[in-house]
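Protein sequences appear in the order of chains A and B. Converting from the first sequence to the numbering used here requires adding 56 to each position, the first position being numbered 1. Converting from the second sequence to the numbering used here requires adding 56 to each position, the first position being numbered 1.
I should point out that these hints are in silico values taken from the structure, not numbers from a laboratory. Any given hint could be a false lead.
Since the list gives no way to pick out one identical chain from another, each pair is judged satisfied if it fits inside one copy or across any two copies.
Stated by the list, open to error - Taking lysine to aspartate or glutamate pairs in the EDC-like style, the calculated list, with each CA pair at most 16 Å apart, reads:
| hint | residue 1 | residue 2 |
| --- | --- | --- |
| 1 | K429 | D218 |
| 2 | K285 | D72 |
| 3 | K99 | D59 |
| 4 | K264 | E238 |
| 5 | K68 | E393 |
| 6 | K265 | E375 |
| 7 | K107 | D130 |
| 8 | K235 | D170 |
| 9 | K285 | D79 |
| 10 | K430 | E100 |
| 11 | K107 | E76 |
| 12 | K374 | D347 |
| 13 | K265 | D314 |
| 14 | K75 | E315 |
| 15 | K430 | E238 |
| 16 | K321 | E393 |
| 17 | K99 | D381 |
There are 2 protein chains.
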Amino acid sequence: MADAAKLMRVAKIITDTYKEGNDVVVVVSAQGDTTDDLIAKAKEVNQRASKREMDMLMAAGEQISISLLAMAIDSLGYPAISLLGWQAGFETNTKYGAARIKRVNPERIRAELDKNRIVIVAGFQGLNRYDDMTTLGRGGSDTSAVAIAAAMRADLCQIYTDVEGVYTADPRKIPGAKKLDEITYNEMLELATSGAQVLNNRSVEMAKKYNVELEVLSSITVATGTKVKEVTKMEKMLIKGVAKDDGVARVALIGVPDEPGIAFKVFSRVAKAHICVDNILQSVGRDGTKDIAFTVPAGDADAAVESLRDYCEAVGTKELRADQDVAKISIVGAGMETHENVAAGMFEALADAGINIQMISSSEIRVSVLVDKKDADRAVAAVHRHFFGE
Amino acid sequence: MADAAKLMRVAKIITDTYKEGNDVVVVVSAQGDTTDDLIAKAKEVNQRASKREMDMLMAAGEQISISLLAMAIDSLGYPAISLLGWQAGFETNTKYGAARIKRVNPERIRAELDKNRIVIVAGFQGLNRYDDMTTLGRGGSDTSAVAIAAAMRADLCQIYTDVEGVYTADPRKIPGAKKLDEITYNEMLELATSGAQVLNNRSVEMAKKYNVELEVLSSITVATGTKVKEVTKMEKMLIKGVAKDDGVARVALIGVPDEPGIAFKVFSRVAKAHICVDNILQSVGRDGTKDIAFTVPAGDADAAVESLRDYCEAVGTKELRADQDVAKISIVGAGMETHENVAAGMFEALADAGINIQMISSSEIRVSVLVDKKDADRAVAAVHRHFFGE
């Protein structure tokens, strides 16, 4: 949330839902400028502030936004009460800055709903067993919302974002992108992992685990959004979306001796450096050597190369390099499980567009290819056109 | 506190005290600009926000300042931990915006001190029996500090302000004003009531009740301040200070019928309007009528007149009026209890300066006079010169 006008608009959405006869619990994050301001203030006094004190500081951000939102709702003539994370029953572990929710005890929320109040809860925060403030880290507010919905067995958990729902591709890039009515948890997870930035995986995983029905929708327009749920209506749609992730790098080991145990030796070293490896490709051996390539988050590329340098020198590897000029293009959809020609359709679309595929990987409901970064947007457009038309 | 530089200066004062081997608990208020900013944000969404939500909002202010101060201390290489009011054990009643402290349970503070940490506590705030955030209202942070000092039986409670201590008069106005080394609780209370704005009465009353030794000193200079304690050294000083309060008004009823019960009838009406009456002067009856005058806070003058209008008309009062062009000048000092010529000295000084006295009132250790507002500063200077020289 940004300013008073936006607060009032959000208050209006909430009271409209309340007027329909619903019990309403709203989970709020801090206003973006507040967060930036607090981080700047911290940096002025201590560049390496302890995470415990950073959590104490950052938790003030939601405290401000929940009370302001309760005031805004009150000004519209509806009863509202704001609750901090701990007041709303959020117990977390002690990992400051990235705490995990251990339990939500919604007793207080229930009591306030029984008084017919709209309950405004500070997302992103909780209390650990030392009675200290913690924050949940990335995707924290969405996760807070899903956790409350699960604890209270809510009919629906609506996630308001700056987009109108989940699209078949990024609508800012692909004019023909369509908003989906429904998508399954697994499809949403694959899409998020593949670069779609609508929902954080953490909240979707929790929603899947506790079977919380989600709706992704916009706080600006009033259109129906996209439902995320276990089973979606049978549709003709083979795939649900095309996603691009250009935050990846490819690490390649060229000419490694073709011996047993090579993969273990390589990837145990990368794992030791705490780097997540995504797609792995290993060439068939030739002349007693083979090539290994894999993708990692772009920011970890140099560290991955570093973790392998000694080993590659010791065994006599021809070349060790990282390439950041790549992007991962993925198609996701439960429909492809039963339709073997989906992957072929993707490859055909890329071939017609003259785009070279560097690597391929797939899960049951996803196919991903690695292409040159400069071809990425064109690749998304070509694949999207193939499956969804103009 | 205003900015990073000020935070670092405060951190330095704290760590210097810690280095001397003291257990240090610091009570912090919100940064002034944060408070202003939060109030402005609230007003944008709701002009009449509930006090409960205002307390939730305002409490974020100290949350920000305590964590930043803990970070600042940490950056100097000393261990610090910030605690919210409730974490520090502050239990209050449910009066949002002006809560009273019911109990301080310093268990957590003790545990942190046992770990050799500097403890930074959010002043001004606590938790009520509904587990909701409350704020203490005016003078709240000083009161928080005294309450902790009392609960922990601290050796000393230092109150850092923007002045170097308690002076015999306002040093910005009276060049000859002297800083006092010591002052008793009662003298400090009379001075504060008489217009000196160094310490809030609430904190001094609590310090007196629990015999907490206070020191008022400046966070900018490093000079010794003024000690506030039960018994001060015997000194030649008859009075401790001259104070001015120009936030008063005089209400006068001229020509009220001279009948029994008049005073009761007048002041019960004023009390019903929740107005605090200070000095009262009643003339001797003449021609079957008498005059009654009293002082009230300037902001309450019109309401006081209003509360009496019907009554005055009913009994046939000649005139009912409020005069805001007045100021109260007081001298305070335990020494005057045994020196009957103190009040006379004050009147002599004012007479020599040609200043007319409108009303006089006194307690055991205070004499106050009401003068024309335009004469107020000259009156303070004349009285101060009389007792303290140039």
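A quick look at each hint next to the structure:
1. K429 x D218: neither (26 Å within a copy, 60 Å between copies)
2. K285 x D72: Close neither inside one copy (24 Å) nor across copies (59 Å); limit 16 Å.
3. K99 x D59: This pair counts as between: shortest inter-copy Cα distance 12 Å, intra-copy 24 Å.
4. K264 x E238: Answer is within: at 14 Å inside a copy they meet the 16 Å cutoff, but 68 Å across does not.
5. K68 x E393: Result: close neither inside a copy nor across copies, 43 Å intra and 65 Å inter.
6. K265 x E375: neither (44 Å within a copy, 80 Å between copies)
7. K107 x D130: Intra 35 Å, inter 12 Å, cutoff 16 Å: inter-copy only.
8. K235 x D170: neither (37 Å within a copy, 59 Å between copies)
9. K285 x D79: Answer is neither; intra-copy 21 Å and inter-copy 56 Å both fail.
10. K430 x E100: neither (39 Å within a copy, 47 Å between copies)
11. K107 x E76: Intra 42 Å, inter 28 Å, cutoff 16 Å: neither.
12. K374 x D347: For K374 and D347, the Cα distance is within 16 Å only inside one copy (10 Å; across copies 109 Å).
13. K265 x D314: This pair counts as neither: shortest intra-copy Cα distance 42 Å, inter-copy 85 Å.
14. K75 x E315: Answer is neither; intra-copy 69 Å and inter-copy 63 Å both fail.
15. K430 x E238: neither (32 Å within a copy, 77 Å between copies)
16. K321 x E393: Cα proximity of K321 and E393: none, with 33 Å in one copy and 91 Å across.
17. K99 x D381: neither (33 Å within a copy, 50 Å between copies)
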